[in-house]
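*Asks:* Construct all of the structure, not just a fragment, from the sequences and the given hints.
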Amino acid sequence: MKEKLTIQLIMALILFLPFNRVIASEQKLIITGSSTVAPLMLEIAKAFEKKNPGVRIDVQSGGSSRGLSDARSGLADIGMASRGLKPEESDLKNYVVALDGICIILNKNNPVVKLTDQQIIQIFKGEIKNWKQVGGLDAAITVVNKAEGRSTLELFEQYFKLKNSEIKASVVIGDNEQGIKTVSGNTNAIGYVSIGAAEYNVELGTPIKLLSMSGVLATTENIKLGLYPLSRPLNLVTKASPEGLQKKFIEFATSSEVNTLVQQQYFVPAKK
Amino acid sequence: MIKSAQSKVEYLVTYIVWGLSILLLLSMIFLIYKMVGPGFSTIRWDYFLSEPLNSGRSGGISSILISTLLIVGVCLFVAIPIGLGTAIWLTEFTTSQSFLGQNIRRSLDILAGVPSIVFGLFGNALFCRYLGLGFSIISGGLTLACMVLPILIRSIEVGIRSIPSEHRFSASALGLSTFSQLYHLILPLAVPGIVVGLVLGIGRAVAETAALVFTSGYVDRMPSSISDSGRSLSVHIYDLSMNVPGGESNAYKSVFVILILLFFLNTLTMFLADRLLARKVMNE
Amino acid sequence: MFNSNTLSPQRNDFFLLWTLRSLSLIGGALSLLILLFIVFESSSVIQEIGGLSFFTDASWYPKEGLFNLVPMLAASLLAAFGAALLAAPLGILVGVFCNFYAPQSLAWFYRRCIDLLAGIPSVVYGFWGLVFLVPWIGSLRPPGASLISGIIILTIMILPTMAMTADAIFRTTSKSQLKSASALGFSKWSIIYKIVFPAARKNLFAGFILQIGRALGETMAILMVCGNVVQLPKSFFDPVRTLTANMALEMAYATGQHRSALFVSGLLLLILVVGLVFIADFFEQDLRYD
Numbered sequence: 001m002k003e004k005l006t007i008q009l010i011m012a013l014i015l016f017l018p019f020n021r022v023i024a025s026e027q028k029l030i031i032t033g034s035s036t037v038a039p040l041m042l043e044i045a046k047a048f049e050k051k052n053p054g055v056r057i058d059v060q061s062g063g064s065s066r067g068l069s070d071a072r073s074g075l076a077d078i079g080m081a082s083r084g085l086k087p088e089e090s091d092l093k094n095y096v097v098a099l100d101g102i103c104i105i106l107n108k109n110n111p112v113v114k115l116t117d118q119q120i121i122q123i124f125k126g127e128i129k130n131w132k133q134v135g136g137l138d139a140a141i142t143v144v145n146k147a148e149g150r151s152t153l154e155l156f157e158q159y160f161k162l163k164n165s166e167i168k169a170s171v172v173i174g175d176n177e178q179g180i181k182t183v184s185g186n187t188n189a190i191g192y193v194s195i196g197a198a199e200y201n202v203e204l205g206t207p208i209k210l211l212s213m214s215g216v217l218a219t220t221e222n223i224k225l226g227l228y229p230l231s232r233p234l235n236l237v238t239k240a241s242p243e244g245l246q247k248k249f250i251e252f253a254t255s256s257e258v259n260t261l262v263q264q265q266y267f268v269p270a271k272k
Numbered sequence: 001m002i003k004s005a006q007s008k009v010e011y012l013v014t015y016i017v018w019g020l021s022i023l024l025l026l027s028m029i030f031l032i033y034k035m036v037g038p039g040f041s042t043i044r045w046d047y048f049l050s051e052p053l054n055s056g057r058s059g060g061i062s063s064i065l066i067s068t069l070l071i072v073g074v075c076l077f078v079a080i081p082i083g084l085g086t087a088i089w090l091t092e093f094t095t096s097q098s099f100l101g102q103n104i105r106r107s108l109d110i111l112a113g114v115p116s117i118v119f120g121l122f123g124n125a126l127f128c129r130y131l132g133l134g135f136s137i138i139s140g141g142l143t144l145a146c147m148v149l150p151i152l153i154r155s156i157e158v159g160i161r162s163i164p165s166e167h168r169f170s171a172s173a174l175g176l177s178t179f180s181q182l183y184h185l186i187l188p189l190a191v192p193g194i195v196v197g198l199v200l201g202i203g204r205a206v207a208e209t210a211a212l213v214f215t216s217g218y219v220d221r222m223p224s225s226i227s228d229s230g231r232s233l234s235v236h237i238y239d240l241s242m243n244v245p246g247g248e249s250n251a252y253k254s255v256f257v258i259l260i261l262l263f264f265l266n267t268l269t270m271f272l273a274d275r276l277l278a279r280k281v282m283n284e
Numbered sequence: 001m002f003n004s005n006t007l008s009p010q011r012n013d014f015f016l017l018w019t020l021r022s023l024s025l026i027g028g029a030l031s032l033l034i035l036l037f038i039v040f041e042s043s044s045v046i047q048e049i050g051g052l053s054f055f056t057d058a059s060w061y062p063k064e065g066l067f068n069l070v071p072m073l074a075a076s077l078l079a080a081f082g083a084a085l086l087a088a089p090l091g092i093l094v095g096v097f098c099n100f101y102a103p104q105s106l107a108w109f110y111r112r113c114i115d116l117l118a119g120i121p122s123v124v125y126g127f128w129g130l131v132f133l134v135p136w137i138g139s140l141r142p143p144g145a146s147l148i149s150g151i152i153i154l155t156i157m158i159l160p161t162m163a164m165t166a167d168a169i170f171r172t173t174s175k176s177q178l179k180s181a182s183a184l185g186f187s188k189w190s191i192i193y194k195i196v197f198p199a200a201r202k203n204l205f206a207g208f209i210l211q212i213g214r215a216l217g218e219t220m221a222i223l224m225v226c227g228n229v230v231q232l233p234k235s236f237f238d239p240v241r242t243l244t245a246n247m248a249l250e251m252a253y254a255t256g257q258h259r260s261a262l263f264v265s266g267l268l269l270l271i272l273v274v275g276l277v278f279i280a281d282f283f284e285q286d287l288r289y290d
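Residue numbers (this note's numbering), protein chains in the order written: chain A, 1 to 272; chain B, 1 to 284; chain C, 1 to 290.
By construction, these hints were calculated from the structure, which means they are not laboratory data. Fair warning: there could be bad hints in the mix.
[Claimed, not checked] List time: in silico DSSO-like cross-link candidates among lysine-lysine, alpha-carbon distance up to 30 Å:
#1 B:K8 / C:K179
#2 A:K209 / B:K34
#3 A:K125 / C:K234
[As the list claims (entries may be wrong)] Negatives, chain B to chain A, calculated, CB over 12 Å:
#4 Y11
#5 I43
#6 D46
#7 Y47
#8 R168
#9 V213
#10 E248
Here the structure is a predicted model, which means the values were calculated and not measured. For each residue, glycine too, the CB sits at the ideal point set by N, CA and C.
*Replies:* Next up, the structure:
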């Protein structure tokens with residue numbers, strides 16, 4: 001009895017493998033890359049699959065650099081990147097799906113409401129170590145920085161002309177939510193995260209607040225209007241000019257049809 | 001005089017063991033409650049039966065539950081025979097001085113300390129690319145099998161080793177072949193070790209995140225076969241709690257589901273192990 | 001079904017032996033394969049800048065060509081040993097309690113709780129740590145994300161495995177030995193202390209080493225509570241970054257030399273584990289002779 005079952009299972013395994021691959025390989029796209037873009041792309045893919053029966057789109061997460069290298073090596077049909085392309089990556093083609101901004105966040109119970117760019121630089125460099133020096137309480141500042149290589153960090157550094165080795169961090173984090181949890185759990189923390197995520201958390205009542213940057217309020221609205229200085233594109237990347245299904249999908253993903261989906265993920269649509 | 005001092009120690013130790021154990025138990029229950037409570041109070045039946053919507057913020061987890069079961073199934077299907085075989089070989093057929101035995105044991109201990117992200121990248125390179133299995137449930141299951149092996153083997157080994165050698169001597173004296181000894185004597189007596197190994201292995205497999213992101217993947221639709229990519233529960237929880245703003249409440253629900261799943265799998269393991277292995281001793 | 005009555009079972013046994021041996025070889029070959037994989041991935045940066053830079057560079061800023069891994073090595077070791085030292089006595093306590101003190105039903109309940117804890121994904125522990133533990137420690141000594149938070153989380157995570165291992169070891173201690181000992185009038189505790197512990201010592205020690213390995217390899221939870229600042233901690237309340245957190249934090253975004261350098265942290269970790277295994281072997285050998 002037991003033996004019979006085992007044999008059946010093995011048979012099923014052997015049968016299933018090749019059989020399924022033949023069917024699957026016909027109308028299938030593989031998209032890999034940035035974990036920031038992945039949840040959005042998954043939803044766009046589902047909408048696309050619904051519109052085009054028989055098509056399968058597999059979205060795999062794993063980081064912007066992986067998306068770029070997979071797109072280049074041909075492992076993926078399309079790569080996802082949460083940043084613009086660098087000069088050395090100009091061999092790839094990119095298509096903006098959505099926009100995202102970065103804002104400074106503080107704990108809600110921190111009396112400080114405004115920081116100048118200069119003050120922010122000094123805080124992150126460790127030259128200002130106490131909130132007293134910028135008009136807050138007498139407490140040591142907890143600087144929350146992002147891990148090396150993250151595109152939010154790169155953008156932040158570019159904007160404030162900082163080098164990672166100059167930043168004196170007290171906590172280094174990975175994902176947005178980790179940053180928000182860290183700041184909401186520590187009255188004296190300062191960090192920077194994606195605006196969409198921060199706005200949503202404020203709506204939910206998480207004890208954080210968004211600081212305006214160079215006098216511009218940090219809102220998704222201001223990103224849409226192009227006023228907010230610290231924003232980044234969320235990209236799809238291909239090796240060569242897209243063809244066939246690839247082209248069809250990119251056209252769909254960059255069209256205004258996906259605007260609701262983009263907004264549901266708290267990003268800003270690229271097309272108005 | 002001596003007697004009373006001894007009973008005083010006895011009394012004291014009993015007191016301490018009970019006190020500390022109960023304290024520990026309470027803190028564990030507190031911890032489980034903290035992690036499960038928020039999900040338990042909001043979960044509804046349809047959460048198990050519908051597919052995720054809007055990146056998992058709404059909808060259910062039916063497809064993810066199926067993927068998880070398939071991944072764990074593939075993992076155990078591969079890991080159990082290898083694990084059982086290796087453990088038996090290590091305990092019954094090698095001496096502590098055997099070169100091969102010693103090194104295989106060492107190599108397994110090393111395997112136990114490999115960080116899961118390395119397993120993920122390794123599995124991605126070996127199963128997904130080199131063997132051409134792609135992002136699939138089978139790649140994920142095989143990668144997990146590699147991770148679970150050391151735990152499984154160690155626990156079974158401990159189980160087998162603790163069987164008193166008198167049993168073996170009498171079995172040999174009766175002229176039983178090695179195979180019969182194994183089948184009728186060693187395996188049934190090693191059941192506690194096997195169960196511990198399986199429960200630990202299943203626990204590790206169900207809990208694994210980093211290794212699966214790179215192997216079984218991120219796709220949250222219902223898998224059509226094991227060569228399809230499928231998202232596991234722990235990957236889902238990670239994505240909801242760390243990557244999707246507003247995913248927290250569903251993350252807690254998924255944590256609740258993962259605990260139910262574990263409880264179910266563990267109970268099943270114990271039941272099956274008892275049924276298939278332990279009874280044979282009585283039949284003899 | 002099988003010829004268990006024959007007195008000359010050689011052919012059967014021969015077949016069995018080779019099946020088992022080849023199965024074991026699969027397991028044994030795996031870690032070699034993984035080692036090779038890591039060496040291969042990390043070789044490019046080692047060839048370019050040499051192995052020494054990883055110990056003598058000023059700090060870890062891979063984008064700026066600085067690759068010092070020593071602070072992370074120290075953090076990994078401190079966190080893993082700290083957690084294992086805390087979890088081992090607690091695990092043994094659970095084993096003793098469930099086997100010798102608790103009534104059956106309570107022991108059953110206890111074991112089920114531990115089974116469940118063992119299967120909670122590390123991301124959930126990390127999440128709990130981030131939301132409850134870190135702010136609590138932060139209120140004692142900011143920033144809260146620190147070595148001590150990491151040790152506590154790791155302890156909670158490896159405790160179930162340690163407890164289950166200890167439980168299984170004690171459960172299989174020969175019951176007849178215990179019976180004869182208590183018939184001789186020994187008290188419960190002296191039986192445990194003088195008979196059970198010495199008999200279990202070797203296996204417990206092996207379990208302990210395995211747990212250190214496990215603690216060294218833990219990633220997701222530690223990444224959320226340790227603070228991840230690359231520095232040598234001066235106190236338990238300083239934030240640190242472990243080798244595993246380093247890989248998990250940066251791997252997804254790294255390319256070229258940076259990526260390769262991250263594999264070097266994996267390689268270093270593996271070397272650490274190899275060292276640990278050989279130390280454990282040495283002690284086991286020692287114990288064998290007394």
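*Asks:* Does each hint hold? Answer for all of them.
*Replies:* Hint-by-hint comparison with the structure:
1. The hinted pair formed by B:K8 and C:K179 meets the criterion: a straight-line CA distance of about 22 Å does not exceed 30 Å.
2. Restraint check for A:K209 and B:K34: the C-alpha separation of about 27 Å stays at or below 30 Å, so the hint holds.
3. Between A:K125 and C:K234, the direct Cα distance comes to roughly 21 Å. Compliance with the 30 Å bound is thereby established for this hinted pair.
4. With a closest Cβ-Cβ approach of about 44 Å to chain A, B:Y11 is found to remain outside the 12 Å limit, as its non-interface label requires.
5. Distance check on B:I43: its Cβ is at least 19 Å (rounded) from any Cβ of chain A, clearing the 12 Å threshold; non-interface status holds.
6. At roughly 19 Å, the least C-beta separation between B:D46 and chain A is larger than 12 Å, which holds for a residue marked as non-interface.
7. No Cβ of chain A approaches the Cβ of B:Y47 within 12 Å, the least distance being about 19 Å, so the stated non-interface status holds.
8. Non-interface call for B:R168 relative to chain A: holds, since the shortest CB-CB distance, roughly 26 Å, exceeds 12 Å.
9. Separation of B:V213 from chain A is inadequate, the least Cβ-Cβ distance of about 6 Å not exceeding the 12 Å criterion.
10. A beta-carbon of chain A comes within 12 Å of the beta-carbon of B:E248; the shortest separation is about 8 Å.
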